[in-house]
Amino acid sequence: MHEDFRQSVRQWLHDNCPPSMRTPMVEEEEVWGGNTQEFPNPESKIWLQRMADKGWTAPEWPKVYGGGGLSPQEALVVKEEMQKIGCRSPLISFGIWMLGPVLLQYGNEQQKKQHLPKIIRGEIRWCQGYSEPEAGSDLASLATRAELLGEHFVINGSKVWTSYADESDWIFCLVRTDPAAGKQQGISFMLIDMNQAAVKAEPIRLISGASPFCEVFFKDAKTHQDNLIGRLNGGWQIAKALLNHERQAISEIGKKADELPLDIYAKQKIGTHDGRLTDRAFRDRIAAYLMDQQAFQLTIERETALQKSGHSPGAASSMFKLYGTELNKRKYELMMEAAGFDGLVWEGAGEEQDQQATRDWLRSKGNSIEGGTSEIQLNVIAKRVLGLP
Amino acid sequence: MMNWDMTDEEKLLKVSADNFFREKLPLNHLRRLRDSQDQVGFARDTWQEMAALGWTGILIREEFGGMDFGFRGLGLIMAAAGPHLSSTPLLSTVACASFLIQNVGNKTQKDSLLPLVASGESIICVAHDEGRQHGDHSIELSARSLASGFLLNGRKTMVLDAGLADHILVLARSHAESLELHGLSWFLVPKDTPGIQWEQFRLVDGRPATHIVFKNVELKASALLGTLGEAGSSYEEMRNAASVSLAAEMLGSATAAFEMTLAYLKERKQFGVAIGSFQALQHRMAWMYSELEVARSVVQRALVAMDEKSADATILASLAKGKLSDLFPHVAAEAIQLHGGIGMTDEHNIGFFLKRSRIHAELFGNASFHRDRYARALGF
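These protein sequence lines map, in sequence, to chains A and B. So the first sequence is residues 1 to 389, counted in my numbering. So the second sequence is residues 1001 to 1380, counted in my numbering.
These are computed hints drawn from the structure, not numbers from a lab. Quick caveat: nothing in here was measured; it's all calculated off a predicted structure. Where is the CB? At the ideal position from N, CA and C, for every residue including glycine. Careful: at least some of the hints might be erroneous.
If you want a taste of the chain B side facing chain A, the calculated C-beta under 10 Å gives, among others [to be verified]:
| hint | residue |
| --- | --- |
| 1 | Trp-1004 |
| 2 | Gly-1276 |
| 3 | Glu-1293 |
| 4 | Ala-1295 |
| 5 | Leu-1316 |
| 6 | Ser-1318 |
| 7 | Gly-1322 |
| 8 | Ala-1367 |
| 9 | Arg-1371 |
Where chain B lies over chain A, by a calculated footprint (3+ residues, C-beta under 8 Å) [unchecked claim]:
| hint | stretch |
| --- | --- |
| 10 | 287-294 |
| 11 | 300-306 |
Put together the whole structure using the sequences plus the hints.
Here you go:
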């Protein structure tokens, strides 16, 4: 029965995954969906449509909303078979990673029907409005205000570190709906259409030179009261659930399939004697890193298996976020050390591979800040897992 | 996909192992052992009780009187011994000797020895190390071929569990010109063979250990275990077996030291509050918790790789022993620091964890050794 399913998945992928979609992803051809999406490679559009028709962009979501309706075991089979032939991800989506699971848990039927199919098909691109200039690690002190006037909420304030807000169609937002209530009690979770003049997104340039984040300004922006998820002033619980999904996603950030492994990169740069890296002290540190990396991957595998047998993720996601991002920073420090002078070039000389590594090194420093800093994760583990006062 | 959950059988084994070590070999047993200058290091009747539970034969196939529960089973027992720093010949006799004899022994050796190990009657110590550290370069004890058998000359260091052993498993260089893992052979030497001298001493944690000198020790041809000159690969396999078993025990010990410390942080008050409320201490504990969780996955996976005789068993065994050889000493040292002054007193048990951590970190290869072995296995 299980083998039959695997066979049918293999056959379907063989028949439907276009040839160029079985090559390593290049950044310009990534598909994030939404109204601004362009398809420089037309096969990525075909691939998205075919996968979306199957519901396999969100394989475990219910069929009634356009998902694949697969069991976790079946979804894993699809993932494994895709990996075997090197399929690209048809759609990279915060809607799938973050918003969808929350809508499935907290949304009403109308909201699920309105939004989930469009997420699955990549028609609407979502961004996340959490942090504010004055509310970073202390997220619950957020001040962006939403007041109910008639049938609409009117929103004023600003969000920061909003990934790709300038290319997104809608934003899911934490807003303050009751300023008189306690910090965490007056917050609501709502969805806002960004296609209105009262919402503006401005990119922020990072040390890596890229601008993946924006600041978003709301000036009397409007959203219908039906776009409130869960109950009024009940947003904090949803926010925490969503952060768990986000942390788990960020923790896997070190696993880029198409990237050169550190040991191979170091061999290229430093050279070997008798099959061993000539710099023995550096080799020892690379081995230590790779061991921690493998240990971490095994832990993700164990946790995934345990969650499937009913174990709740909860604070475990903080551990993954902490460990994965600190590990990723360590990797890029070692990459830079392997590259030596080659890693110091910004532009105008050398290899693109090295320049990308340099940019990734800079970018990696943000991993342990975004989605809750490492220090916040340590606080969560200490209090919620270890029960320290 | 590996099964990360315990089977019902494994759950039962874990419960009975946890109870056994808590009742029969608690930490105070190690303290008494030290204080009484015990020369043996464990009690024969406790070993017989473990045999009655099937643990001495846990790796041994049923045809030789064993339980054939594999490394997953042995790992559960070692992990249960860890929190109490219980001292038994599980590592030498079960993880090393029974594993090796079953893998490379001839029919006579397996038929005669394995049932005795399983029944608890035979205890076998392993004499492999010679230098200041576990490694491949230093093995020099020579085995010269005679018409009637072999002649051993040389010295072995840091042999555990020799006290009640009836046999010594000796790793010797049978091909004089060879290097490292080439030209090595195994010999099963009856303890009372003439020419063997024992140099007993006490380890930092109070357990006895022995250096063994072999001076013109004559062996019959039948003492050879496995193929002459080909012990290198079986030594590597035994090193994997010992590494994963030790790693399981070290994880159990490290987890216990962590939990003792966690309890202390909740109870000890300074400045009018529990010291566990201080963020500087909380973060150290949260990091240790994360490292222990990661180590747990590694140990579980490595034990399964041994049972599956998987191609990456060496990588996973070195991953497990390498991680734990760093982590256990780290957790033990942090435990002392977080206990403060009381942690430095002999009266408090936490100090035993630090001492044990150093010993187990060095046995069968320390962290550097296993990082090197891991890197070699990955080809860099």
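Status of the hints after comparison with the structure:
| no. | hint | result |
| --- | --- | --- |
| 1 | Trp-1004 | holds, 4 Å |
| 2 | Gly-1276 | holds, 4 Å |
| 3 | Glu-1293 | holds, 6 Å |
| 4 | Ala-1295 | holds, 7 Å |
| 5 | Leu-1316 | holds, 8 Å |
| 6 | Ser-1318 | holds, 8 Å |
| 7 | Gly-1322 | holds, 6 Å |
| 8 | Ala-1367 | holds, 8 Å |
| 9 | Arg-1371 | holds, 4 Å |
| 10 | 287-294 | holds (count 6) |
| 11 | 300-306 | holds (count 4) |
The structure agrees with every numbered hint stated previously.
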